[in-house]
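There are 2 protein chains.
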Amino acid sequence: MKRIRVRAGNQNYPIVIHSNQLRVGRIPKQLHTDGGRVILITDKTVAKFHLKSTTDRLEKMGLRAEVITVRPGERSKRPGMVVRLAQEMLAKGANRKTPVVALGGGVVGDLAGLVASLFMRGVPLVHIPTTLLAQVDSSIGGKTGVDLPEGKNLLGTFWPPLAVWTWLGYLKTLPPRRVREGLSEALKYGYIYDPPVLELATGIDPRNPLATPDALGAMVERCAAAKAEIVSRDEREGGLREILNFGHTLGHALERVMGYHQITHGEAVAIGMMLELKLSRNSGHTEPGIVEDLKERLVKLGLPHHLPDNVTIQELVDAARHDKKKTRNDFRIIGIRDVGKTEIMNFTAAELSRALSASI
Amino acid sequence: MKRIRVRAGNQNYPIVIHSNQLRVGRIPKQLHTDGGRVILITDKTVAKFHLKSTTDRLEKMGLRAEVITVRPGERSKRPGMVVRLAQEMLAKGANRKTPVVALGGGVVGDLAGLVASLFMRGVPLVHIPTTLLAQVDSSIGGKTGVDLPEGKNLLGTFWPPLAVWTWLGYLKTLPPRRVREGLSEALKYGYIYDPPVLELATGIDPRNPLATPDALGAMVERCAAAKAEIVSRDEREGGLREILNFGHTLGHALERVMGYHQITHGEAVAIGMMLELKLSRNSGHTEPGIVEDLKERLVKLGLPHHLPDNVTIQELVDAARHDKKKTRNDFRIIGIRDVGKTEIMNFTAAELSRALSASI
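As they're listed, the protein sequences go chains A and B. Numbering-wise (our numbering), the first sequence opens with residue 1 and increments by one. Numbering-wise (our numbering), the second sequence opens with residue 1 and increments by one.
Don't take every hint at face value.
The list treats identical chains as interchangeable, and a pair is accepted whether it falls inside one copy or across any two copies.
Said to hold, decoys possible - Restricting the straight-line Cα-Cα distance to at most 35 Å, the calculated cross-link-like pairs of lysine-lysine (DSBU-like) are: (1) 97 <-> 152; (2) 97 <-> 341; (3) 52 <-> 29; (4) 44 <-> 152; (5) 29 <-> 60; (6) 92 <-> 152.
I should point out that these hints are in silico values taken from the structure, not numbers from a laboratory.
Can you make the complete structure from the sequences, with help from the hints?
What follows is the structure, encoded as structure tokens:
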């Protein structure tokens, strides 16, 4: 068992990571303010595999879950779903003290987190992340959001949970492509913050991550700790948190160009890291061999490492201009000086096109 | 000119009140982060009377306003409107640093405030309240929200503004019924916190509030200061802020029973204060004469002071059970021991019905 604390404003919350079963240590008392009743929001896929065992565990903790399920997939992350969930909560008699438990991956966490932050101006929230991506990354840091037709996460809040309860056993039913998605984000933490994660992540078999429980546990713990440290020092993205964007400026752009059904977030980030690392190398500040090192790891894990043939650099740069991280006309891209060491690189759109053309 | 500071979490913001013209003192630097461009959200009625003069004033402060208007009235406070506003902001090229200016009454403030808190997870916000209700009450304290079919303000956030800029001149075009609405809330501050407000409010002519500029200015300042002190000590409604509910538990219930088009919020609060004050008197803790005092003031101002004949006590109590302030089966009602001194009274639904029947 590992316990990591995350600071959020004046408060802090624990991430509790278990390998044997869903255990949580002490239950935050705010979870009992509605007499132990909680609203559990999940998706139909997670529900099929894990709902019964999870609500049984919650029952043992004295928490009675009323369940609301949504369809799996990014399309559930829309404003209308926030309204639907709030109305179902009202129909179940939820009030301003009824906690929300988000059981699922990034989509469920972002959506349920937003609902929790808005329902009667905010109710307590617990994340139980069931995908590797959510366990190493998206359940930590308090970001919530839904998409608009114009782009992802355009409406959202910062709403820190009371706790994140992570159980590695959920990963047993996770499809290999989704495991790879989490491993891609894990590699990011290796490059931007905690180099030992690289070897741990590369040693995991995406088809059977629980075959190496020690490496898996250590990797999840180190990534969660890295994310926790970064967001604790910068809750609302004024400074340090920006390094989390490594691989994401061009990764998000690629998702936008290809459509969110064609490529997973993790695959897009894998290619984004390759492209941004090449930009970094070509700027001359990067230790030799890093690009090749990342490429080898991506190949070993079955993740893509170059831009698909049908996507042009111009399309990518145009899509990046729409990315919400861009506030002016310039792009800030996270470069890597050495494993674990980042730098900020600035490009205009024209410079970015040129640099990408020269580096691919 | 009066300047009042409001604390919100680790930060604080000023309310700047002027009688001569819209002036703001020093402009918060976050208003210039998008090169001086701001999104101004208002309604069509306010726009007709005050948009040109306001954007001219903003221009003089170096702020270039891009304007989005909504229909006046509570029906604009719905989730779909948040999405529409966000999409219009995107169409105008707004980014995560583009401030929102809310020019209007409570509806515009609540709606624009919610949009500001959600757009790209939050952008800076300034309130320019144009109704008396907004100037004395709703623009202060950071609450935002939209309604659902099930009830008012069921989705919302706490999103403190950078500043509240109040100019009394906006009240010149306010219909008398809307002035009375603000005077009703002002009386509330007299009873719960600052007794001199009672005389100031009762001396104002709802058909021409600017005929007594000194009384009007003093009243707005004192109410704003009272609200500022209360919310500074209790940002998220754990304790002191509850006294703001005086007149509102039954007032909200009455709005729900009658429908929001039949009665203004202020009229409902006037009746709510009468009923709750009678409950308080009948509990035996209240100084004599207070009920009569409130009644006289309401009559003088042209505000209602008793339950409409077609509304029964049972309907009222049933509606109050739906009020979101109720977290359990009991009602917490703010009683008045003496002018400026409050107490909490607890009732079950049955007790409340009996007590209301006995006190009317």
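### Query
For this structure, which hints from the list above don't hold up?
none
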